[in-house]
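Let the hints inform the model, and build the full structure from the sequences given.
Going by the working numbering, the residue at position 96 of the sequence shown is 96; the numbering climbs one at a time, nothing skipped.
Simulated from the structure, these hints should not be mistaken for laboratory data. Wrong hints could be hidden among the right ones.
[Unchecked claim] Here are the computed distance ranges between Cβ atoms for each label pair:
1. THR24 - PRO137: 41 to 51 Å
2. ALA75 - ALA16: 52 to 62 Å
3. ALA64 - GLU104: 24 to 34 Å
Backbone N, C-alpha and C define an ideal beta-carbon position, used for all residues, glycine too.
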Amino acid sequence: MRFLVLAALLPASAMADSVVATRTIRAQSVIAAQDVAMVPADITGALTATEAAVGLEAKVTLFAGRPVRAADLAAPALIQRNQVVPVVYQVAGLTIRTDGRALERGGAGAVIKVMNLASHLTVQGAISADGSVRVGPNLQE
Numbered sequence: 001m002r003f004l005v006l007a008a009l010l011p012a013s014a015m016a017d018s019v020v021a022t023r024t025i026r027a028q029s030v031i032a033a034q035d036v037a038m039v040p041a042d043i044t045g046a047l048t049a050t051e052a053a054v055g056l057e058a059k060v061t062l063f064a065g066r067p068v069r070a071a072d073l074a075a076p077a078l079i080q081r082n083q084v085v086p087v088v089y090q091v092a093g094l095t096i097r098t099d100g101r102a103l104e105r106g107g108a109g110a111v112i113k114v115m116n117l118a119s120h121l122t123v124q125g126a127i128s129a130d131g132s133v134r135v136g137p138n139l140q141e
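Laid out in structure tokens, this is it:
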């Protein structure tokens, strides 16, 4: 009898839904709505809404039936390694544009290394939404 009273007083653990992969998704693949599904399980670290995964790129291979975690996903790559990209330096009304070769791949907001094609110097810059790489003191603008 005491057990029943004690069980009634303890809070019931609520089941949460978690996102799992419906098929094996290779690294660097963009996730579509049919690639993920909700399962009635509280999986630590797993996303809790499919919308949080759709449109993002898998950083690692995601296996069917396994949880999809935020750390496994990133913005889709806008720039591929060895791609020639516009490099922009902008400060106080001065704008300098040149071409560079991307030494890494990445998506919007990622900081990558780029080799200036004119001087052959390697610089770091942030990838803008338009696919250019911003270098200098205002990387994230």
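Results of checking the hints against the structure:
Separation of THR24 from PRO137 is about 43 Å and conforms to the stated range, judged on CB atoms against 41 to 51 Å. For the pair ALA75 and ALA16, the beta carbons lie near 26 Å from each other, so the given range of 52 to 62 Å is not met. The given range of 24 to 34 Å is respected by ALA64 and GLU104, whose C-beta atoms sit roughly 30 Å from each other.
Of the hints listed earlier, the one the structure fails to meet is number 2.
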